[in-house]
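Protein chains in written order, with this note's numbering: chain A, 1 to 276; chain B, 1 to 436; chain C, 1 to 290.
Honestly, I wouldn't trust all of these hints.
[Claimed, not checked] Ranges between beta-carbon positions, derived for each pair:
no.: 1; chain 1: C; residue 1: Phe-53; chain 2: B; residue 2: Pro-381; range: 24 to 34 Å
no.: 2; chain 1: C; residue 1: Gly-193; chain 2: A; residue 2: Arg-10; range: 20 to 30 Å
no.: 3; chain 1: C; residue 1: Ser-6; chain 2: A; residue 2: Lys-106; range: 40 to 50 Å
no.: 4; chain 1: A; residue 1: Val-76; chain 2: C; residue 2: Val-18; range: 45 to 55 Å
[Stated by the list, open to error] Here are some chain B residues the structure puts well away from chain C; computed CB gaps all over 12 Å:
no.: 5; residue: Ala-240
no.: 6; residue: Tyr-327
no.: 7; residue: Ile-403
no.: 8; residue: Ala-431
[Claimed, not checked] Covered stretches of chain C (in silico footprint by chain A; criterion: 3 or more residues with CB under 8 Å from a CB of chain A, positions within the stretch not fixed):
no.: 9; region: 48-58
no.: 10; region: 62-75
no.: 11; region: 91-102
no.: 12; region: 141-149
no.: 13; region: 221-234
Honestly, the hints are just simulated from the structure, not real lab data.
For every residue, glycine included, the Cβ atom is placed at its ideal position computed from N, Cα and C.
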Amino acid sequence: MARAQSPRRRLITTLAAWAVALIIFFPVLWMILTSFKTEASAVAMPPQFLSADWTLENYAEVWARSDYPRFFWNSVVISIGSTLFGLAIAIPSAWAMAFVPGKKTKDLLMWMLSTKMMPAVAVMIPLYLLFQRLGLIDTKFGLVIALMLMNLPIIIWMLYTYFKEIPGEILEASRMDGATLWGEIIYVLTPMALPGIASTMLLNIILAWNEAFWTIVLTTTKAAPLSAFIASFSAPQGLFYAKLSAASAMAILPILILGWFSQKQLVRGLTFGAVK
Amino acid sequence: MTKTLRALLGATALITLSGVAMAETTITVATVNNGDMVRMQGLMEDFNTKHPDITVEWVTLEENVLRQNVTTDIATGGGQYDVITIGTYEVPIWGKQGWLESLNDLPAEYDVDDLLPAIRGGLTVDGNLMASPFYGESSMVMYRKDMMEAAGLTMPDAPTWADIEKAAAAMTNKDTGVFGVCLRGKAGWGENMAFLTAMSNSFGARWFDEAWAPQFDQPEWKATLEFYLNLMNSYGPPGASNNGFNENLTLFQQGKCGMWIDATVAASFVTGADSTVADKVGFALAPDNGLGKRGNWLWAWSLAVPASSDAKDAAKTFINWATNKDYLALVASKEGWANVPPGTRTSLYSNEEYAKVPFAKMTIDSINSADPTAPTVKPVPYVGVQFVAIPEFQGLGTTVGEIFSAALAGQKTADEALAEAQAAVAEEMKAAGYIQ
Amino acid sequence: MSTHSSRLAARLMVAPSVALLLIWMIVPLAMTLYYSFRFYRLLSPDRTGWVGFNNYLWFMNAPDFWLALFNTLTLVGGVLIITVILGTLIALLIDQPVKGQGLLRILIIAPFFVMPPVAASIWENLFMHPQNGLFSAVSRGFGAQPILFLEDYPMLSVIGIVSWEWLPFATLILLTALQSLSSEQLEAAEMDGASAFSRFRYIILPHMTRAITVVILIQTIFLLGIFGEIYTTTQGGPGSASTTLPYMIFKQAIVAKDIGRAAAGGIIAVILANIVAYFLMRGLGRNLDS
């Protein structure tokens, strides 16, 4: 609803918008600044801006102390793996719910969302035991399954709303031309739904990347992702603000960069197709 | 990491060259992210050279997260870990459950008789050593010599609580943001309750009488809590109910505390490079009240082998490397004597080099004055100075810790807090079947 | 379009996800239900047995239970109110043509990329800390005593932190809703002399109803289970001032290692979540149909 505005009003809104954006972003910025300070400078009062002792030492130490590439790689595999797996199961379901809706489709969707309502801590021991019996503790495969199931309702929900936006006539036309069901999905539907699928994918990668409870409970070494990396730097003995900030920056930077490059898709994805 | 990698590559090359077919064993070592453990990971090159057939995988986590993961694994027989880092609270309980492998068969070079008796006693279950101490600690008073001097006071080597109060009053200057005393206030069985339980011993209080009846309705606990609240409210930093070990360490290092009564391992941090007051710190024994017991605790972070491990021999080889005398010498040669893991071996304290470390004597004196089997003035049915070595204590300690933390935040009076604590603990002890 | 064969195909396509989610829901739920009637403490493996409703009774008679229930709803409600209102305002603001919109958006959604434990620890250590935090420096700069956020206003602090984490999500959904509003309609209203407020009230707000509903639904589901932020910052305190139901369960499961009680708490939490969901669906469900 962009409309013509007077230059003065435009300047004011620009300034106000930037002020708000900077306030929201400031904690992240402050964390990044802190990660480049010495520990003593990080806790100095009054806070040091220009006068701070700047250093790369924190990053060097964090890098030397733990196997960052391995944690990073595990995070990549787990978040992308669980998302792709989830999409493979969710696309047909969402398609069916969007184009062949039954009376119970809405209820089914709500029920799926409600499976996320069980508090994680309450099922910790049951799930842990289950994973243990199945030999899935500390395996990437186990985490992929767990995170996939955890986010599946959201994937389905998002895809469903995107698919709903695709006009049914196009499908009927292709059916007239004799396309099979799978042909319809692969050649007609998927290309049209690609932006929606892409944004679903992105949002789920972020959700999986940020998951910090199950990823720690269900892993030890081989499959431990960046959340475990963070847990090895939080609250040790001694000063740790700067080092924790550096580790935190290393954990969120990859996903922040991904978000930067795919910002447009993400903005769509985050909307859950809430609006047409 | 690259160092380890290089060492590993080197080791692999060595095996190939010598043509010896060694069975490669991988062990998973779970440890807390405390300074001494992090240092150990930096020294792995030595282990890898000596034991090229053993690959060590580390799981380093923050204390609470580690405890949660290790407990879940061991209680469900998971077998994910070959070496675990646990404390003096866990060892007696887990040892009794048969969850730990006995360490009686460590090689002679381990020299089990060199371990400090108080520490060794806490890690022995039915005559079997169940865990090997990595470092031991007690608690003591750390104070600012310069501020005491400016106030015209001197800190006795063995102060009373009255001395502490007097010194706190003299050093507090709220205008400059300097507080006479910083003590733990953050709720938790290992946070404020570790401090308060140890402190209560010097007031003659106890958690339970010989028949497991909770004792929070007794005058000794009232005296303890009232003294603590008064001391903190008058001379402590604001927001203390959220201060644990780390928060107080930071405050002390920044020069905002006149005194801090906490773990002896903190001594190396407050005199270390990060500290702005490194050269102004003095040490004294934890305070007493003339009742024969001091308010200091006893703890040892120790390495143990879970019974569910499938690489017990390699695990013991690792424990022997990490906790014998050679390891102490190794740390001393690489990082200096001040950074040697303290509080485990008699020989360390008879070493002349180590005696030059400013906090060495006070640390050993503190450790030697704590007795886990007779922690307080009156007899008790439990083992443990700042904890009660029963499985229920983590829950109990945290519940009471929350109540006392709320009292520190001004939400409850001492009497209300004690009444609540008494009721909560009594109920839980009934549910657990200790009392009717 | 709904021929018999396509219906069958549709069923088949929905089946895998329904089956998987059913297993994913039923198995842990059944196990939790089973444990909730058992004496099961990780550290006392020798003592097991059926205890009837004891675990439930303990949970509901715990001194902090009702407060925790209240706090849980306060947290959900507080975060929803803050994120929806601020999200709407920010969306209205950045929907205007402003310079550097791409970068602006990235700055605003940045909190969404921060892992919750990291977010909580940034706020606790770098901002709210009474001695080292930036806020205390600001207070002191004005010659005032630092505010003891986590001691005096624990629930508000937690709500603030969680709102910061979820604000980007709300803002973006609401922003996209705004962007799809046709400008003709607004211009027409403006020409008719409608004030800015009445334009918002009668044109913009109705258009955003569905987006707001989605924000409320999705956020509620996530917010009902939050305990990590509380654990990192206030640990439910001081006392039990900021204890929520999930945090109570967390304490039983992880600190006291009493799986039976934690399971009973979990079942109570599921019941609560379903009650909340029922009212949400009754109140908002029709907004979802377009």
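Do the hints match the structure? See the list:
1. Between C:Phe-53 and B:Pro-381 the beta carbon distance is about 31 Å. The supplied range of 24 to 34 Å therefore holds.
2. Checked against the given bound of 20 to 30 Å, the beta carbons of C:Gly-193 and A:Arg-10, roughly 23 Å apart, stay inside it.
3. Taking 40 to 50 Å as the suggested C-beta distance range, the pair C:Ser-6 and A:Lys-106 does not conform, at roughly 19 Å.
4. Look at A:Val-76 against C:Val-18: about 30 Å separates their beta carbons, and that is not inside 45 to 55 Å.
5. A beta-carbon of chain C comes within 12 Å of the beta-carbon of B:Ala-240; the shortest separation is about 8 Å.
6. Every Cβ of chain C is farther than 12 Å from the Cβ of B:Tyr-327; the closest lies at roughly 31 Å, confirming the non-interface assignment.
7. Under the 12 Å C-beta cut-off, the non-interface status given to B:Ile-403 relative to chain C is violated; the minimum distance is some 7 Å.
8. Distance check on B:Ala-431: its Cβ comes as close as 7 Å (rounded) to a Cβ of chain C, failing to clear the 12 Å threshold; non-interface status is violated.
9. Coverage of the region 48-58 of chain C by chain A is violated [criterion: at least 3 residues with CB-CB distance below 8 Å; count 0].
10. With 0 residues carrying a beta carbon less than 8 Å from a beta carbon of chain A, the region 62-75 of chain C misses the three-residue requirement, and the given coverage is violated.
11. For the region 91-102 of chain C, the assignment as covered by chain A holds, since 9 residues bring a beta-carbon within under 8 Å of that chain's beta-carbons and 3 suffice.
12. Residues of the region 141-149 of chain C with a Cβ under 8 Å from some Cβ of chain A number 1, which does not satisfy the need for three, so the listed coverage is violated.
13. Look at the region 221-234 of chain C against chain A: 6 of its residues bring a Cβ nearer than 8 Å to a Cβ of that chain, three or more, so the hint holds.
When the structure is compared with the earlier hints, violations turn up for hints 3, 4, 5, 7, 8, 9, 10 and 12 and for no others.
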